Structure formats: structure tokens, C-alpha cells
Amino acid sequence: MSKAVSVLNGAQFSGLAKVEDAGLQGMITLRGDLESSVLKAAVKAATGAAVPAQGSISVAENGAVAWMSPDELLLLVPYEDAVSKTAELAAALKGEHALAANVSDARAFFRVSGEGAREVLGKVSPVDFDAAAFKPGQFRRSRLAQVAGAYWLNEDGSFYIVCFRSVGEYVFKLLSTAAHPQSKVGVY
Amino acid sequence: MLILECPYCGVKAEETELAAGGEAHLKRFGPGSSDDEFHDYLFMRENPKGVHFERWRHANGCGKWFHAARCTMTLEVFGTYTAQTAVPTQEIMDKITAKRPGWTWREFSDGQK
Chain A
1 MSKAVSVLNG AQFSGLAKVE DAGLQGMITL RGDLESSVLK AAVKAATGAA
51 VPAQGSISVA ENGAVAWMSP DELLLLVPYE DAVSKTAELA AALKGEHALA
101 ANVSDARAFF RVSGEGAREV LGKVSPVDFD AAAFKPGQFR RSRLAQVAGA
151 YWLNEDGSFY IVCFRSVGEY VFKLLSTAAH PQSKVGVY
Chain B
1001 MLILECPYCG VKAEETELAA GGEAHLKRFG PGSSDDEFHD YLFMRENPKG
1051 VHFERWRHAN GCGKWFHAAR CTMTLEVFGT YTAQTAVPTQ EIMDKITAKR
1101 PGWTWREFSD GQK
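First to last, the sequence lines map onto chains A and B. Residue numbers are given in the working numbering: position 29 of the first sequence equals residue 29, and the series is strictly consecutive. Residue numbers are given in the working numbering: position 53 of the second sequence equals residue 1053, and the series is strictly consecutive.
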């Protein structure tokens, strides 16, 4: 089998903020009734994290769970475990009206860190990135200029960005342009 | 700029994150209906100056459809509500009545006839 590589194979750009390809990340889309105790237990078993509240992400040591919509979660697991975890979820959710799908290779994953991180994202997304409005642990699906994307803020002030792999190069170039060293706006 | 709060994910989404879905609460006339009914269902739309009900989709977000009630003249948004209803909810009609007494839209109105 060929060796898996992330969309831009670890590309980096340093400017107002550091933009980097965050590498391979296991991602599982889970749809179902988020109130169901069977689903809650299955999510906990797969990631170690609990089902998050609306608009947020719950992070555990070896995984995370993000709230995508009232009936959808995004499970983050180590890349090499994605296939087996998806099968475990499917087995645990047998009989439930739910579906787990491994989407790891359909996604691109980026990290934006440094002082200008809020500003870089603020230039490309119609969301309030003021420190009082966008807090660590918050998860938001929105758009990055012309394409759909989702991101959350880490405790250390860096953003993680998830988008479709097919637009991965676009998003990287977009973020790099927004982080151009001479393009500081200074809003955040 | 139009800002609507998605009733499903609580996000205050601005227009570019949403996709407009046209007039709300249309009743479908399909096979078995008369030509006039089918014509009206396909082509006849409200074009009010004032209170209007629309369908929107949170396209760059949770992806859910929802309803919005707003004023086409002032762009004031009276509120958004679930898509799982064939008629405006009483709650949203009360909100509109509080701000636009005497409003009417298709067969709906403030009830003060």
C-alpha cells in the first residue's frame, strides 16, 4: 500500500502568524441522535472525550470530539486508528439510527499559531475573532473565503482548521496570503 | 448586511454563510391538481413591502434549513424558527405583531381583523 501523506506534506509559512499543514489526522464523521446514551458511550470509548455542547469541542488526551450540527459530530483520533475506531463505533452503534464514516483522507488539517492568528483568520472568515467573543474550546463551522471550513481555538492560542482535502492547497495559500508580513491590520 | 441566528446551532450567521431558499410555507400542488393551482404553486410569489417569511439554509455551517421572518423594507429581522412547521409559529407571529401591528402576509395576519 502506498504511504499516506497529508495534503501539502507538512508545508509551512511564517508571517503574521505561522501557518502549517498539521499532518495526517484521523477524522470520523458520526451522525445520529446526540442525546442517545448508547452514542454517548460509544463516542467516549472511541475518543476519551465526552459529547461536546453546541458549538464547542471537547478534547481528551488522545482524541477530541467537535460539535458539527444537532445530529453530527466530528471525532478526531490518531490517523492510524481511524479505520479500527470506525469499525468499533459501527459495532457499538448497532441498532441505533446512526452512521460513522472514516473521512480522514477526505480532509485537510492546518494549524495557525502565533500572535497574528486571530487576525489571519479574521481576514478570511466572517466571524468575530475578538478574544471576548471567540474563546478556547469554541468550534465553528463557517467559510474560509470561498470554501467551507471549520476551526477551533486551542488553549495555547493556536487555531486548528479542517477543510476538504480537495481545497487544501487553496486554503493553505489563502491563509499564507492573509499572513503576509506586510499585511497587518491590527484589529485583534 | 443581513444577520440571521440559526435556530439549530445558535450561530449568528451573516448572509454569506447562508443560502436563500425563497418564500416560506408554500403548499405544493402536484399531480392531480388543476392547471391553475399548479401554475400558482410554480410561479406566484409574494413580493411584499414589509413583513416577509423566507426559507434559508445555513450552508456554510450546520447545513440545516430554517425559516426567517423579516421586514423587506427595513431589513429588520423578527426572528428565525424551525423548518419543521408548515405555518409560522405563534411565537414568531406574536413577535411580529408587537412590532408591526396590523401586518398581513398571504393568509396570515396579526389576528386583529
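These are computed hints drawn from the structure, not numbers from a lab. You may find that some hints are simply not true.
[What the hints assert, rightly or not] What the simulated footprint calls covered on chain A by chain B, stretch by stretch (three residues with Cβ under 8 Å from a Cβ of chain B suffice, anywhere in the stretch; the number is not a length):
id, stretch
1, 68-79
2, 136-142
[What the hints assert, rightly or not] Simulated restraints on C-beta separations:
id, chain 1, residue 1, chain 2, residue 2, range
3, B, A1083, A, R165, 42 to 48 Å
4, B, R1045, A, D128, 31 to 37 Å
5, B, D1040, A, A60, 53 to 59 Å
6, A, G137, B, A1098, 34 to 40 Å
Predicted, not measured: the structure shown is a model, and the values here were computed from it. In this text, a Cβ means the ideal position worked out from N, Cα and C, and glycines have one as well.
Here's how the hints hold up against the structure:
1. 68-79: It holds, with 4 qualifying residues against the three required.
2. 136-142: holds (count 3)
3. A1083/B - R165/A: 42 to 48 Å: violated (31 Å)
4. R1045/B - D128/A: 31 to 37 Å: holds (34 Å)
5. D1040/B - A60/A: 53 to 59 Å: holds (56 Å)
6. G137/A - A1098/B: 34 to 40 Å: Given a distance of about 36 Å, which is inside 34 to 40 Å, the answer is holds.
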